[in-house]
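Number of protein chains: 2
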Amino acid sequence: MEGLTRSEVAKQCGVNIESLRYYEKRRLIDPPPRTPAGYRMYSREDAVKIGFIKNARNLGFTLNEINDLMKLRVDRKKSCDSVLVKARNKRKEVDQKIRDLKSMRKTLDQLIGKCEKSVLTNDCPILSSFESAKPGKKLQGGDHGPQKD
Amino acid sequence: MEGLTRSEVAKQCGVNIESLRYYEKRRLIDPPPRTPAGYRMYSREDAVKIGFIKNARNLGFTLNEINDLMKLRVDRKKSCDSVLVKARNKRKEVDQKIRDLKSMRKTLDQLIGKCEKSVLTNDCPILSSFESAKPGKKLQGGDHGPQKD
DNA sequence: GGTTGACCCTGTAAATAGTACAGGGTTTAT
DNA sequence: ATAAACCCTGTACTATTTACAGGGTCAACC
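Going line by line, the protein sequences match chains A and B.
Under our numbering, the first residue of the first sequence carries the number 1, and numbering increases by one thereafter.
Under our numbering, the first residue of the second sequence carries the number 1, and numbering increases by one thereafter.
Calculated directly from the structure, the hints in this document are not laboratory data.
Predicted model only: the values in this text are computed from it and were never measured.
Hints should not be assumed to be uniformly reliable.
In silico DSS-like links for lysine-lysine, alpha-carbon gap of 25 Å or less [as the list claims (entries may be wrong)]: (1) A:102 x B:102; (2) B:106 x A:71; (3) B:92 x B:25.
Could you put the whole structure together from the sequences, leaning on the hints where they help?
Shown next, in the form of structure tokens:
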């Protein structure tokens with residue numbers, strides 16, 4: 001019987017053992033086949049999927065969004081259109097996240113630089129990391145409301 | 001009485017009204033002063049802080065991590081050393097997140113490209129987004145266990 | 001002054017994501 | 001055969017966020 005046990009997958013992917021059961025319950029992964037004793041046996045593809053989930057979660061995607069991401073594939077049955085729309089939206093989100101993180105990194109670098117030169121600052125410089133969400137500026141039309149499928 | 005009400009801050013920062021109470025309970029923000037009737041009145045700095053929290057959450061930081069980030073400042077009282085260590089660690093985390101997101105963006109671009117050309121395929125290209133977490137490769141010594149402060 | 005609607009307060013409960021644990025079975029090794 | 005290290009299930013807990021019920025306050029309008 002080829003396959004990986006729960007703890008093996010968990011170790012390789014850096015997730016908690018229990019999360020695997022949770023992802024199964026949430027239907028992010030298919031229920032893996034079992035050994036005669038009832039032990040789950042994960043395939044290599046399962047492990048890849050789980051690694052992906054772990055990373056995407058770490059980047060702030062919800063499980064629902066991750067499910068969407070994983071369903072993004074070019075399917076013979078459907079036209080590409082819905083996939084394209086979703087992929088482009090995700091791309092925009094990812095792009096914004098990168099910009100925000102770069103901004104944060106820049107701020108951290110400045111802080112580190114000051115620290116190395118022992119320049120004292122009592123205010124918290126990192127708070128000004130995000131130009132995009134600075135309050136006091138009215139957002140025009142940029143409604144960040146709940147995103148639907 | 002100068003200040004912003006709960007709903008004003010929530011609107012400006014793009015957070016749910018109720019989150020403000022939660023952040024107060026979790027001590028990420030100081031309890032704001034109240035009007036005679038007991039209404040919370042947030043300062044501009046509160047709003048900046050809340051906007052920061054919102055963004056950092058969106059990037060996958062936990063509230064505890066965000067609290068750490070907000071406490072990063074060069075203080076007369078303490079030596080810079082601990083700040084330096086923390087800032088550098090955060091920088092590393094941020095850097096890794098950027099790398100992961102870039103990898104994801106690349107995959108999305110490939111998917112979009114395929115989709116635009118209507119190249120039909122049934123496997124899910126997005127799963128290969130994260131080279132950094134590819135299972136099947138033994139991590140040597142790189143224990144990604146729980147990160148401590 | 002009274003009423004209405006939009007706001008605020010509190011406490012509590014739900015939903016999502018993840019973890020922990022109890023009570024028990026299985027595998028492996030000695 | 002017995003101990004250690006796994007696995008199973010169900011359940012219950014944390015963290016973060018959101019929703020709701022029951023009630024008070026404010027501004028406007030008649």
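Pairwise hint evaluation, residue 102 of chain B against residue 102 of chain A, where the allowed Cα distance is 25 Å at most: holds, 12 Å
Keeping to a limit of 25 Å between CA atoms, is the pair of residue 106 of chain B and residue 71 of chain A held or broken? holds, 17 Å
Is it true that the CA of residue 92 of chain B sits at most 25 Å from the CA of residue 25 of chain B? violated, 30 Å
When the structure is compared with the earlier hints, a violation turns up for hint 3 alone.
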